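The lines below spell out each chain.
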Amino acid sequence: MTPVETNGKNRIGLTVADYRGAKSTLCPGCGHDAITGSIIQAAFEAGLEPHRVAKLSGIGCSSKTPAYFLSRSHGFNAVHGRMPSIATGVFVANRALTLLGVSGDGDTASIGLGQFLHLVRRNVPLLYIVENNGVYGLTKGQFSATADVGTKAKSGRVNELMPIDVCALAIELGCGFVARSFSGDPKQLRPILRAALSHRGTAVVDVISPCVTFNNHEGSTKSYLNVKEHDAPLHDITFIPRYENIEVDYAPGESREVTLHDGSRITLKKLGEDYDPGDALRALQTIHHGRQEDKFVTGILYLDPDKEPFDQDLRLAEEPLATLPLERVRPPKEVLDEVMASLMTGKS
Amino acid sequence: MAATNNDFSTHVATVNGSGSQTANTTLIRAILQMGVPVSGKNLFPSNIAGLPTWFTIRVSERGYVARKRRNDVLVAMNPETSVEDISAMGPGSILILNEGVPTPRIPEDRTVYKIPFNKLVEPIVPDAKLRKLVINLVYVGVAAHVLGVDLEEVDRSLSAQLGRKPKALDMNRAAVKAGAEYAAQHLQPAPFRVERRGKTSGKILIEGNQAAALGAMFGGVTFLSWYPITPSSSLAESLQAYLERYRRDPKTGEATFAVIQAEDEIAAIGMVLGASWTGARAMTTTSGPGLSLMTEFTGFAYYAEVPAVIWDIQRVGPSTGLPTRTSQADILSAAFLSHGDTKHILLLPATVEDCYAFGMKAFDLAERFQTPIFVLSDLDIGMNVWMSEPFHYPEKPWDRGKVLAAEDLAKVATFERYRDKDGDGIPYRTLPGTDHPLAGYFTRGSGHDEKAAYTESAETYARVMDRLAKKYETARSFVPPPVVDRVPGAEVGILGFGSSHWAIVEARDLLTVEGLKTSYLLLKAVPFTNDVRSFIEACDRVYVVEQNRDAQMASLLTMEYPDLATKLRPVLHYDGLPIDAESVVERIKERERVEVLTR
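The listed protein sequences derive, respectively, from chains A and R. The first sequence begins at 313 in my numbering and counts up by one. The second sequence begins at 16 in my numbering and counts up by one.
Bound conformation, chain A alone (with noise of 0.2 angstroms):
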């Protein structure tokens, strides 16, 4: 669904050119520039205020990105494997900010599993990308933790050792918004990017995205071949923002619709079987189900709109705890009057 446009203009008057960044360099073809593209398409589309967003990612290929998309917004590149502790205290000290987060399959599966599942498991509110291709790019084409069993390097190698499943994880540890889907689909992608964006809590968004240098090749489960042609979407889905007033005409029993914490819905319009996406047992079975039969199952494999976010349990005041004045966060002096009388005496 594409919003309205004016001139080439989104609803805050910006273009797409607004939501640019700087030039990639990764190698030419990677499918994380295609999920750049989608990344900048999803924010345009949506109308994000660039100063509102704050792009957050670790180390590896996929955490460069963020160079390359909304250069008129604040970035962090933290260290490897720990985005999620950096996007946890950006979030509590402003949560005025959307946060988006990108990472890899080394730097979430691996090196950041724990902070990862920690994120998860508090439901901080951030989209997180995991641009997955099953293979350390920077470091010249060794196995990730998300490489399939039987799937060969380049060097010949076969990877004999289970792959951890990023949306399996998330849905165990109880993420309302888990989706996987293909760099190669922008049709797909940017959809689920747009409902990411649209939930209040952790969305955790696994992008398979083939590395042409080192995990292309026959034998490789991720090459971009392989993957087009296991690509096992699970239904079609249209986003329509809060803002909009758009009716989708689908025939009865043809497709689900969920509406989003803030309005916007998400319709997912039957392609093979009926699928639940409320269902959490059924995504863990549709996952599980999927790499038996050496299928991407892809599409939203799981969604909680409702699912309480970090900062309820909190009770933190409106005004983001980053620009607080002195007055109130230094208590008067009273306070310390009261405090040392207590010191004096023993009494609590």
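Honestly, the hints are just simulated from the structure, not real lab data. Incorrect hints may have been included.
Quick list of in silico lysine-lysine cross-link-like pairs, BS3-like style, CA-CA up to 25 angstroms [claimed, not checked]:
no., chain 1, residue 1, chain 2, residue 2
1, A, K645, R, K411
2, R, K180, A, K659
3, A, K335, R, K466
4, R, K466, R, K485
5, A, K645, R, K180
6, A, K499, A, K335
7, R, K582, R, K532
8, A, K582, A, K607
Only a predicted model underlies this, so the values are computations on that prediction, with no experimental measurement involved.
With chain A fixed as given, assemble chain R onto it according to the hints.
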């Protein structure tokens, strides 16, 4: 035997988890209320219940609060350690023993009191489980009688602690009474007595970690993330308690702070960096192993210039080491914590007042210099109770450093995140959320130029590193200066920092009595200010007193002042016990003999 008034040390040996804290606090407060300076040190194992624990109460008319090497009075409640505890006591000491604890052969010049503690507590507390928790109050009663502590003050102190729990108060009162009455009937007053003075009027008793928490709260902390680790946990927990009490709106329930218990110390420092990059006043608390885990992120923060406040409550390492014992052995690792060329700013609190003041100051420095500030406290300051003047309400507002708001950006043509516009090495920053097209920039730990753009340019890299070095130079005139006491005619200087301070104060008096005058510099921060150089220059030789094996501060001084290195003489103490004055005196005297011989 003539009585020694107001100058002795009582050592209480109990079992961890037996409620000895109430007993010890009662005794300390009662003595304080009698106007006599007092201090307490807890020596405890890395264990929650069932292992031996000791508590030392030092009474000192002259106000000495360092650990005393030899104790004068022993209360031995624990049969597991009684033989060792008794053997450590010297001639003339008083031994108050729980009847039935194993004893070695006790020389005749010790006074022994055997008390049937169990029999005394039985009629008061029928429940055997509760009895374990109340029995220690019996020794309070006994000790009060033997040492001349006013029973009314004991009762006042006990009611202050337990006033809200009338049942517990009654039981504890009865236990004190039973002990006091038994002692009055059977025991002679000891030659060590507490005598009323007027020296503690208006004084507070507080632990360093609690003082640091108060400082942080009045310094306007808005974000704390931490991972539990002894001996720093009590800082985070007391800060959280103060914040819940004083920084959450009682009507709306809304907080002006967030406290997050992280999954590990890497996440704790990561959250701090994320929060302070966004503009919060963010801090973490940790100890040895946690500090090691923060290495990569603190190097990042130094290079990418992100503020952070890190309280390191030092304990004995390396590795797990002795997790419940004190040390000053994180100096070198904190000073350079990172890979690559890195120099951090360190604050060195020596007193609970310093902990309070640095609780605020650390934020001002972190934001002014856009860099991590390490506050190196230790278990001795942090977890022991200290007497102090009440703290002063901050007179100055805070310093939030060079932050450009949208209005500021409207007045400039360009904004370059890492440009040294003022010549002090400190660039300007903007916060995410600033509504101006120039505000955005990209923070990275990889090579960057003045515009925060990626670069591998050799020249640019070196230029940025030089500017960071310049920033460190600027910090010299912002960090707390040392406290210097130059004594006319003294050839010898002593340089110390942190919790070694109190042993040094006492040692200087002892040395003066023996005819050795000393000057003293109490260091409060790294990088060193010029006063440090002039102090060393003015002395013939300087004893650098520190609680580590490797002379870590002396090493930093040697790096900084290679021309003065031959003047430095390390005085090292590293057994995990708080340093004591006698050890300092012995080592200095030993070395002084050599000085005189080789002249």
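Task: Hints violated by the structure (numbers, ascending) - done: 5
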